[in-house]
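Given next are the chains, with one letter for each unit.
There are 2 protein chains.
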Amino acid sequence: MPFTNLKEQEKEQRRELILSAAEKMFFSRGYDNVSMDDIASEIGLNKATLYLYFKNKESLFFAVVLRGALILNAMIKERIKKCNSGMEIIDAIGITYFDFVEKHPDYSRAYLYFRSDRFSIENNGDLCDDAKRVLELRNEEFAIVCKAIESGMEEGMIRPDLDPIEVTVFLTLILKTLTEMRPSFKKVLEDRRITPNQFFKDVAGLVHHMLANTDKKDGKF
Amino acid sequence: MPFTNLKEQEKEQRRELILSAAEKMFFSRGYDNVSMDDIASEIGLNKATLYLYFKNKESLFFAVVLRGALILNAMIKERIKKCNSGMEIIDAIGITYFDFVEKHPDYSRAYLYFRSDRFSIENNGDLCDDAKRVLELRNEEFAIVCKAIESGMEEGMIRPDLDPIEVTVFLTLILKTLTEMRPSFKKVLEDRRITPNQFFKDVAGLVHHMLANTDKKDGKF
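Chains A and B, in that order, are what the protein sequence lines are.
If you're matching positions, the first sequence starts at 332 in this note's numbering and goes up one per residue.
If you're matching positions, the second sequence starts at 332 in this note's numbering and goes up one per residue.
Looking at chain A on its own, in the form it has when it is part of the complex:
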């Protein structure tokens, strides 16, 4: 291996180490309670070196958010491989998303914070590459859902009177609101012995019913 490659590899490894340390701190203390000084001293790096890898705390956080977004994206792509229809893809994406939220609550929260007013992502003309990549991944997922609805309509399983893009916006809003559900609602469900997991599944069932083409007479619905 040429020396330059080795150096590149070392740099990449170090970047990942920094990122993992920062991630741990963001998740345990909260983004706003961690400073670049804290991160540097936690890793035992001087701050100048830290800044060689990440230009500021924000870009470190966005890199953490990207880690989560890549995991979700990979989970979705893996899951829909097995699907044979548009409707199956819609069902599968809902379930996968909830799996992700359950398995990676910290990444889910980080993503919500990333999209909150705290960062004004939507009005930022100067986003770093990692943040742009996160948005690209989400757009990709939006397109997958949209295409699945179109396929479902062609296949006769999804109502033909819907606007695929409008429905995709609505489904995305549903996923978002489920992720940030208030404790008081969780409590109401808990009192009914409905676990978050059960609630997610029931919502997926409701959404299925909402989209299902009930005019179809093949007995499938």
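Hints may contain errors.
Note that identical chains are pooled: a pair holds if it fits in a single copy or bridges any two copies.
[Claimed, not checked] Under the rule of at most 20 Å between Cα atoms (straight-line distance), these lysine to any residue pairs were calculated in the SDA-like manner: (1) LYS517 / ILE496; (2) LYS532 / THR503; (3) LYS517 / ASN455; (4) LYS413 / ASN364; (5) LYS517 / LEU506; (6) LYS386 / GLU341; (7) LYS463 / LEU443.
These are calculated hints, taken from the structure and not from any lab test.
Chain B: place on chain A using the hints.
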């Protein structure tokens, strides 16, 4: 009119004047950018007098939120008077809520802020009466929706396999997420020539379909 009553009345009028001035300032500048000093000087009251009416800025804000909550509650109750079935009530409440958001965007935003992490309403054991009343009104509306679903199930128009409380939680989450929709989604819809108003109506239609008992054979669906 006895003198004490007159005094009470004057006090109440003054309270309303203060509230209206504070509301205007909160809505135009944002809650966090307005101080009790600003409010006092805007009204031309000294701060000590202001504090006789409201113990702090938070309680002033909660009184503003209550104004909005009372408007919404009255709109809902007026609207459902004309309804003849559970399903009609569900449809009517959705439409009324969207009417409210369109007509009173400032009150809608104020309510969202009231329920955000900014105020930790859920963990506050020492809520003032106005804040408690806001929560009571919301609980009342939750109960109306829940009862409407139960009636709709009895009437055979809403699917019998649903849990009314679970569905009400889901519907409440949908209303919430529509109120705080991101500009980027509004843009996506706009590009499809779908106005926010049309989107709200279409969502109400989707929700109707989601709940509708399609096994019913009276040709109504």
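* Those earlier numbered hints the structure runs against, lowest number first -> 4
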